[in-house]
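Trainee: With these hints in hand, go ahead and build the complete structure from the sequences.
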Amino acid sequence: MDLARRNARTILACRSRERGQAAVEEIRAATGNPAVVLRLLDTGSLASVRAFASAVLREEPRLDALVNNAGVTGTCREKPRSPDRGLPFAITAEGLEQTFAINYLGPFLLTNLLLDLLKASAPARVVNVSSFRHSAGTADSGYLTGQRCPGGHAAAYNSTKLMNVLFTAELARRLQGTGGCRAVPGSAVPCGTPGTSPVPSACAAVPDLGGCWQSWGV
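Our numbering numbers the first residue of the sequence shown as 1241 and each following residue consecutively.
Honestly, the hints are just simulated from the structure, not real lab data. Because the structure is a prediction, the values reported are computed rather than measured. Hints are not guaranteed to be accurate.
[Said to hold, decoys possible] Derived Cβ-Cβ restraints for the label pairs, each shown as a range: (1) A1287 x V1369: 20 to 26 Å; (2) I1331 x Q1416: 33 to 39 Å; (3) A1262 x R1413: 38 to 44 Å; (4) E1410 x A1269: 37 to 43 Å.
Using N, Cα and C, we set each Cβ at its ideal position, and we do this for glycine too.
Mentor: Now the structure itself:
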């Protein structure tokens, strides 16, 4: 909503056309910004991610910010303990555990497909929405092979949020000195800002990240 209020061209990437269009109309009405558009995207499908990225690269001359906010609460059990406690265990058409695909791998692929456009649009930002639950996560190869992940309720969600934090930290490291985008877990840092350190802003936004930065050596 805030981006639209600032008169930014805003693309809502939604899985549901009906709910997405309703959101577009609500934001347009609230902000008076007609440049709010809908594009269909299911981050749980790598084919959908590639199609969305291709459309953006073909039709958009620049991309100033990418906000990866798609997410579901999953479970590693066959059936959740109650309907409101996460999705049942499932494998996507591409053979991936669905929570891993939706929360992490889809946004990871999308970011990499759009990274050159983001760099060309500098200053730009990549914002990966995570959670304090990352501290309870693990990186397990079962997510890649489609096997059941270890743990009980919310283990898959916790682990994907850990992966989001680790990916953002590594992306920030790789982008240092490139003049392109900077990405920080917990906050966004303008691209190419001289003398800007991502660590203090991240630690201020998410206090328990301080030890993680030291552990990762970023």
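Trainee: Are the hints correct? Go through all of them and say.
Mentor: We went through each hint and held it up to the structure:
1. For A1287 paired with V1369, a C-beta distance near 23 Å keeps the hint of 20 to 26 Å intact.
2. Judged by the Cβ atoms, the range 33 to 39 Å given for I1331 and Q1416 holds: they are separated by roughly 37 Å.
3. For A1262 paired with R1413, a C-beta distance near 39 Å keeps the hint of 38 to 44 Å intact.
4. Distance hint check: the CB atoms of E1410 and A1269 are about 40 Å apart, consistent with the given range 37 to 43 Å.
Against the hints set out earlier in the document, no violation occurs for any number.
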